[in-house]
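Asker: Sequence:
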Amino acid sequence: MHHNSPTGKEENNSLIGEENNNEEENNNEEENNNGEENNSVSDNSNSFFINNWGNANHEVNVELLDSKNTSVFSESYTSVPGETIKDQFPVTPVSEGEIVVTLDNNIIRTQTISEDLIGLVLYIDIDMTTSNPLDLSVVYP
Numbered sequence: 001m002h003h004n005s006p007t008g009k010e011e012n013n014s015l016i017g018e019e020n021n022n023e024e025e026n027n028n029e030e031e032n033n034n035g036e037e038n039n040s041v042s043d044n045s046n047s048f049f050i051n052n053w054g055n056a057n058h059e060v061n062v063e064l065l066d067s068k069n070t071s072v073f074s075e076s077y078t079s080v081p082g083e084t085i086k087d088q089f090p091v092t093p094v095s096e097g098e099i100v101v102t103l104d105n106n107i108i109r110t111q112t113i114s115e116d117l118i119g120l121v122l123y124i125d126i127d128m129t130t131s132n133p134l135d136l137s138v139v140y141p
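Start counting the sequence shown at 1; every next residue gets the next number (the UniProt record's numbering).
Derived from the structure by calculation, the hints contain no laboratory data.
Note that CB positions come from ideal geometry on N, CA and C, so glycine has one too.
Be aware that a few hints might be false.
As the list claims (entries may be wrong) - Computed beta-carbon distance windows for the label pairs:
| hint | residue 1 | residue 2 | range |
| --- | --- | --- | --- |
| 1 | 129 | 45 | 29 to 37 Å |
| 2 | 116 | 82 | 30 to 38 Å |
| 3 | 106 | 85 | 15 to 23 Å |
| 4 | 130 | 45 | 30 to 38 Å |
| 5 | 96 | 45 | 14 to 22 Å |
| 6 | 114 | 80 | 31 to 39 Å |
| 7 | 95 | 49 | 18 to 26 Å |
| 8 | 129 | 68 | 33 to 41 Å |
| 9 | 80 | 118 | 25 to 33 Å |
| 10 | 69 | 128 | 30 to 38 Å |
| 11 | 49 | 91 | 12 to 20 Å |
Sequences and hints are given; from them, build the entire structure.
Answerer: Okay, here's the thing in structure tokens:
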């Protein structure tokens, strides 16, 4: 859109609109970047997901042991069918430590940590098959 300025010259308002749009884009980018920063914080931390693919509620205990076999984190969760629970370890898993996952106070799976890591993600999958209802998989950064 064009209009006359106080000097009598024609100016282009679309630049003003673009500046406003750029400000909005910058604000959106800042919000997105803030979100990315928040995501990167969680991505760089050691987290785990409990996925219940089964058809019943389950009690899941997640425990983190250090290299001396001392528990540094232990938390129980109730997982319902179709639900995913996400949480983070409050400390970094260390080399020769272990993650111990117990399903319904009965089935135990362990995952040994091969090196000190930031960004480890553990997937705990609960399946409805009775032969192997608990599976662990680890994604290393």
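Asker: Return holds or violated for the Cβ distance of residue 95 and residue 49 against the range 18 to 26 Å.
Answerer: 23 Å, holds
Asker: Determine whether the Cβ-Cβ distance between residue 129 and residue 68 falls within the hinted range of 33 to 41 Å.
Answerer: 35 Å, holds
Asker: Taking 25 to 33 Å as the stated bounds, is the beta-carbon spacing between residue 80 and residue 118 within them?
Answerer: The hint (25 to 33 Å, Cβ to Cβ) holds, given that residue 80 and residue 118 are roughly 31 Å apart.
Asker: Could you tell me whether the CB distance from residue 49 to residue 91 stays inside 12 to 20 Å?
Answerer: Given range 12 to 20 Å: holds, Cβ gap about 18 Å.
Asker: Could one say that the CB atoms of residue 96 and residue 45 fall in the range 14 to 22 Å?
Answerer: 20 Å, holds
Asker: Determine whether the Cβ-Cβ distance between residue 69 and residue 128 falls within the hinted range of 30 to 38 Å.
Answerer: Since the Cβ atoms of residue 69 and residue 128 sit about 33 Å apart, the hinted range of 30 to 38 Å holds.
Asker: Do residue 129 and residue 45 keep their Cβ atoms within the hinted range of 29 to 37 Å?
Answerer: Since residue 129 and residue 45 have Cβ atoms about 31 Å apart, the given range 29 to 37 Å holds.
Asker: Note whether the CB distance of residue 116 and residue 82 lies within 30 to 38 Å or breaks it.
Answerer: 35 Å, holds
Asker: Holds or violated: 30 to 38 Å for the Cβ distance of residue 130 and residue 45?
Answerer: At 34 Å between Cβs, range holds.
Asker: For residue 114 and residue 80, compare the CB-CB distance with the range 31 to 39 Å and indicate the outcome.
Answerer: 33 Å, holds
Asker: Note whether the CB distance of residue 106 and residue 85 lies within 15 to 23 Å or breaks it.
Answerer: Holds: the Cβ-Cβ distance is about 19 Å, inside 15 to 23 Å.
Every hint from the earlier list agrees with this structure, and none is contradicted.
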